[in-house]
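Trainee: Chains as they are written, first to last, in the working numbering: chain R, 1 to 414; chain Z, 1 to 341.
Simulated from the structure, these hints should not be mistaken for laboratory data. These figures come from a predicted structure and were not determined experimentally. Glycine residues also receive a C-beta, built at the ideal position from the N, C-alpha and C atoms.
With beta-carbon atoms standing in for the labels, derived distance ranges:
1. Y388/R / R56/Z: 53 to 63 Å
2. L320/Z / Y388/R: 32 to 42 Å
3. Q74/Z / E158/R: 27 to 37 Å
4. K387/R / T130/Z: 35 to 45 Å
Interface residues of chain R toward chain Z, partial, derived using beta-carbon atoms under 7 Å:
5. V33
6. P40
7. G41
8. F143
9. L144
10. G145
11. T148
12. M151
13. G155
14. V217
15. K220
16. R221
17. L395
18. M396
19. P399
Straight line, CA to CA, 30 Å or less: simulated DSBU-like cross-link-like pairs of lysine-lysine:
20. K387/R / K146/Z
21. K111/R / K327/R
22. K346/R / K107/R
23. K146/Z / K220/R
24. K305/R / K332/R
25. K107/R / K72/R
The chain contents come next:
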Amino acid sequence: MKESHTGTSSGVLEGRRVEGMVVRRIERELYEVFIGPQHPGSGHMRIIVRLDGDIIVEADPDIGYVHRTMEKLSEVREWLKPIPLLERMTIIDACNVTLPYVNALEKLMDKKPPPRASYLRVLLCEINRVASHLYGFGIFGVFLGHSTMYMWAFGDREVFVELAEILTGARLTHTYHIPGGVRRDMPQDFPQMARRAVRYMRRRLEEYRKIFLENPVIVKRLEGVGVISRNLAADLGIVGPNVRASGIRYDVRLVEPYEVYDELEFEVPVFEEGDALARTWVRVEEIKQSLNIIEQAVDWLERHKGEVIPKEDYERLPKLHKEVYEKTGRVKLLPAHATMKVPAGKAVARGEMGRGEIIYYVESDGGTTPYRVRVVTPSARNAIVFKYVVPGHRLMDLPAIYGSIDYFPPEADR
Amino acid sequence: MVLETILYLIAYPPLWQVLVVGFVGGLLLAMVAIWFERKAAARVQRRIGPYWASPRLGGFMNIVADMVRYVTQQVIIPTTVDKVAFIVTPVAMLVITILPVAFIPLSPHNLYWPVASMDYSLLVALALTTLPPLLAVVLGWASNNKFSIIGSLRESYVITAYELVAVLAILSAAASTLSFNVVHIVEAQQPLKWLALLNPIAFLAAFLAVLMSTSAFPFEIPESEHEVVAGPYTEYSGVLYALNMGGGYIRRFVYSLLIALVFLGGWAPLTPGLDPLTGLIIPSLVVLAKAAILMLVMSFLRAVYGRYRLDQALDAAWRLALPLALIGLGWSIMLAYVNLI
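For reference, chain Z alone in the conformation it holds in the complex (with noise of 0.2 Å):
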């Protein structure tokens, strides 16, 4: 009965969604990813990575000493910036890239999840997902420095490129599922028939335009050290310079999520029933626990391969990336023309 009051008051929707999903999920993923990149890489480069810290959690707290750092840090603002524009775009831009997650439902139940019964949900969240780059122009306009302007130009052109490709492949899973309610594209899936297997064409795409539309891998060329300093984040200082690099790792997040929803199942092979425990912990857990993956994935291959140049990056994204993600989507309609989903 007590057990059964403490999951109801769990399960209520703006707590789980704000609380597990939103800062356990966003933050502690995002911190998770951030240590691993650092673990793993100093692994590839045989070094030990964050240690001292906390030599018992692998010095996980390394992270947390580094944020610690950020939030007390002096936040210096050149007196040549527009000040507005300059201290409201970080922040903007973590609201905005974390917003696609209130129309992301983790549970089949529109009691949990009221977003579950929304028959758009993937296409305002894929909508929403493409809104934080428009801001990085902004940031780099409003640091008015040489290097912010050019990293802000790298942004929007490789943005151009691959968020295209990422809508693309993604919204390949509707055409096959004939319908934009993740829930129906995630239970067209079950239980194994994973968009991932039925059409590896696209989910490849997708991973890779999000590869590179969130600056991962050889494909960090807005912020390319050894250019353009730090990019659209040159003049960036203390908790704003936080917000800008926690928003990458956050939006590599949301990306996680949708690619773990559309191609990899989501919930599958679990079966979600009604009650909190079934019908909502579990299932959202699943589905949090393949994106975790895909982000360690993707801040794995980091550690292998050099950047990219940004004219081979475009090139690579309108000759290899966007027929790709054509093709995907051409299979796609062939797998619902076919009935095979």
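For reference, chain R alone in the conformation it holds in the complex (with noise of 0.2 Å):
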């Protein structure tokens, strides 16, 4: 019989049991590490590694480290507050992150954003989704210890943060929709700006194929690595890249479209391999996608003129407000948005993000707060690829698997 005894590093203290810790017998013979909370390569979590030498036998994520009650917030704020607050769930993809909600809501008040507001929403989406990627392409680059792609994918996402921050005035927290429509017009020289952005990116994209994705060294850490069967994939229900990484094809903006994605033209990436090679190829033909998109946007705005916000809400502005939009765009919320009330109902909207599909769940009782908000965020249905994919592999695939599956602890945490 193995040799064990009872008590991990928690549970026990100096001795004595701990009520309501989990105590649970450990194997003398594995050592046990605990990666995170403060550990460079762990973000917002922690995960406890059990190691046999240098394999990985147990994995466990320890999430939760900065879950911020949003959804319990989110029910004593009126109903435009729940926006700016959501968006700190991935600061990163703020965007994406609150359209659904306020897709939710316009289905609770019937009502449709004007085409022009739903192609700025779009565009913002895939800058939005862009910067994402690259922002997981420079995490994925310093946990293979290569510097150049962590400053490049940094620096070249700085080029889509500001794009973000020309057309709405923030960098990172646009707070861009309201509904049925948006805060702001597009600036007359954005398109341009767009396309020099759109056609710098492509040229890089080809200088990270170059350094980073065709590397010897990185392909030799990443092939193989952490392979996601498509019956795994499936079975754990993890979503966005990864799950197209392994062979399944399911995009929200695919198999549920909203806003005006069925008007536009793109391609869903698929991958058959499942490791984090596929899981970053992925993700730069996503970009390649996405760059095509804004350029289907960006054309699309300038040959239509209109408004961002439903012809019933324009109408009754105030005079001033209406001078303040023709001049610059900018719509000017009147306080009743604020306290507004919604009618009782439930709705459900789901949209994809950068890292995968986004589901919100909002009901009304008719007040000026919602009576709930549930969100289901990608990272929550992902982080569960830890505990059935880590173990086998050896200690230094970790930050390769954590890296290629993009995980994003406080949009998990909520």
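Dock chain one against chain two, each of which comes alone in its own frame, and use the hints as you go.
Mentor: Below, the structure is given as structure tokens:
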């Protein structure tokens, strides 16, 4: 019989049991390493890793370190105010993360944004998707000891962050969507800037390929590492680029097009291998598709003029607000917006973030605040990968898998 | 007359060896290497790198400021560590790291560099370079930290694999010149019969092994931040950490000196004279310059590659680097057999 003793470094404190803590038997032969929450490679979470030599026998993702009670906080805020709050879940993907909430709200209020507003939303969503993937790339690069990829990705992300700033006025926390439209029209010279950014990024992706994706060291680190088979991906219910790298063609933009995604031409890249390298390539291909969508969106926006909020909302605006809107494209909201009441009902909306599918369930009892807001974020669904995919790999594969699934703790913890 | 006296004073062996090679060579070159590493990486990554501390010097003072910070920082000694080993090991490691320099002659003359006539200088210097890694294991053990222990274990794996390659590859020079005396090896290569040209395989193996065993580029596996924080050095702070960190660069400096002498012809294409200027000062500066170039090349690679996985690195050592070193050794013996050198 193997010798084992009771207790982990939690559970038993100075020889005395602490009530309410989990105590489990561990094997003496295994080396238990706590990676995080204060660790350069963990992010805001902890992965409890049990090692047999260099091989990981068990990996336990311990999440919840950045839980900020967002769902509950949303219940005590007027309808518009959860938008800037929910953005903080995934501050690097702030547009995509709040869009389904606004869509759910629109379903409840029976409002439909004018096409121009929809296009602007899609434009910002894709800009955000590129920025979000680049952020993931940067972190991934430094996880693999490739500091150049880190700096390049973060430097190039700046281009898209600035595009978003020009469009919305804020680098990260755009708070761009309002029920029935967007907060601001596009500046006159925006299409040129967007096209330049797209051209620049296409050129850079080529350089990324040379230095990172086809770098022999990186390929060696990623190929065949953290393989998620098609079946496993379906069983675990993971979403986003991770599931598409395992050969499952699932993208909310495709299966349930929202906004104007059904009018745009784009592909959903799917890879069959399911390893870390395939997940990396999916993101690269997605950036390319997003760049195409950005081009299409600015082309459309250039050709079609129109309002960015519904007609009835526009007509209700006082003269001064209309003047500001005509001159600068900015929508100044009426105080009535802050205290608006939403008809009682339930609505579900979903969208595709950079990291995968996000689902909102919004319930109204007819008051000035939501009765219930429920969010299921992609990272929350992807966290399970650690438990089922990491065991069997070497300790040095952990950052490779972590980086390749692009897990973002604040998003999972809400 | 006055000039000559000053020259003789400077060329006084303890002064030149300790001050110029030890202090200027070791310390300054390590600083330049760190600076270059930051600056070159910044260039590749489209940044500026160190700048504000002294814009005219390209931010070189940044490194000095860093050192001042390390020296004045609080040294935290955790209560759980083995105190004596924790404090003594970094100091001992640095001393042992720089020790091989005492057996590496940078001048052919016994007068200026007493070790020059020692017949086993290469062997002793190489033997001494293999000592510091042992202390890295002590370091990890003394820290009493899981990441430190994993880091130390990795260090011991990597070093067992690559030290052998480095030693074999550098010793192949002795095989082709039939001497363990560094001066003889250098003189056999005059003026342009450099072993790096005659035996590029051994040179490549030595270069790779040095990169690896000094934890440079894709190989900083023992300190790989994203699994083991800072490896053996996790618990260290302040000046003790600086000693550890600087130790790596000094190790690289020592190896670079050896490679510059053994493979790159030492003071060639120069023929040393007898007076202090042409017999000591210029030859040793030539060797230092060659070593500096080697160090800078090693620094540059860092920006381009990622990190190997531990098992892949070990695999590369036993399957690729070791056969390479053996082939290099065989090639050297053949060189000696056909009297090419």
